[in-house]
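**Student:** Sequence:
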Amino acid sequence: MQELWPNPNPDVDIAARLAADARPKPTGRPWVTLIMITSIDGAIALDGVSGGLGSPADHQRFVAARRHADAIVVGATTVAAEDYQPTTVPIAVLTGSLSPDPAARLFSDADNQPILYTTNQAAETHGPDFDGIAEVVALGDSVDPERVLADLDSRGMQ
511 MQELWPNPNP DVDIAARLAA DARPKPTGRP WVTLIMITSI DGAIALDGVS GGLGSPADHQ
571 RFVAARRHAD AIVVGATTVA AEDYQPTTVP IAVLTGSLSP DPAARLFSDA DNQPILYTTN
631 QAAETHGPDF DGIAEVVALG DSVDPERVLA DLDSRGMQ
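Heads up, the sequence shown is in our numbering, so the first residue is 511 and it goes up one at a time.
Don't read these hints as lab results, they were simulated from the structure.
Keep in mind the model is a prediction, meaning the values are calculated, not measured.
The C-beta atom is built at its ideal place from N, Cα and C for all residues, glycine as well.
Where hints are given, some of them may not hold.
Distance condition first, Cα-Cα at most 20 Å in a straight line; then the derived DMTMM-like pairs of lysine to aspartate or glutamate [stated by the list, open to error]:
1) K535 with D661
2) K535 with E656
3) K535 with D663
4) K535 with D580
FRET-style restraints, in silico, Cβ to Cβ [as the list claims (entries may be wrong)]:
5) T598 with R533: 17 to 23 Å
6) L556 with P534: 32 to 38 Å
7) G666 with V573: 19 to 25 Å
8) T598 with G564: 19 to 25 Å
9) V599 with G564: 15 to 21 Å
10) P638 with V599: 23 to 29 Å
11) L544 with Q570: 17 to 23 Å
12) G666 with A532: 18 to 24 Å
13) D568 with T537: 32 to 38 Å
14) T635 with G562: 31 to 37 Å
15) E656 with D523: 30 to 36 Å
Required output: the full structure, derived from the provided sequences and hints.
**Tutor:** Okay, here's the thing in structure tokens:
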């Protein structure tokens, strides 16, 4: 992989770079890093998924960043479109309606269950569908990002 900014570097060790990146933890919530890819015209997906936008180097960077994370926070629509699977890094899914399919690959590993952040109403209506395959966290009337971050912080996420 090459780094173009701030200084050109033709050979970047992604894992070493991430490990050396000092990130002071904010009070009351974990450090948040946003990683995404876009086309030059601003598109974030091709045929409904982002995979076709990136190169092998982009994929390497994405995988390394995820391995370095304490948790991966993602929306339910992305989980479905990209067919997420379990990982050793906890996956936190934001879903106002608790819409993920309980038969999806994401829920196939009892040792690596995702956390589903949702509303009280959705948890009451659909929460039992995820018994034994995910942890459902009801956050009130909406899926408030600040409450998600506070919960992740309470779990020791940095």
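**Student:** All the hints need checking, so say for each whether the structure fits it.
**Tutor:** Hints and how they fare:
no.	hint	in the structure
1	K535 with D661	15 Å, holds
2	K535 with E656	15 Å, holds
3	K535 with D663	10 Å, holds
4	K535 with D580	12 Å, holds
5	T598 with R533: 17 to 23 Å	21 Å, holds
6	L556 with P534: 32 to 38 Å	37 Å, holds
7	G666 with V573: 19 to 25 Å	23 Å, holds
8	T598 with G564: 19 to 25 Å	22 Å, holds
9	V599 with G564: 15 to 21 Å	19 Å, holds
10	P638 with V599: 23 to 29 Å	26 Å, holds
11	L544 with Q570: 17 to 23 Å	18 Å, holds
12	G666 with A532: 18 to 24 Å	19 Å, holds
13	D568 with T537: 32 to 38 Å	33 Å, holds
14	T635 with G562: 31 to 37 Å	35 Å, holds
15	E656 with D523: 30 to 36 Å	35 Å, holds
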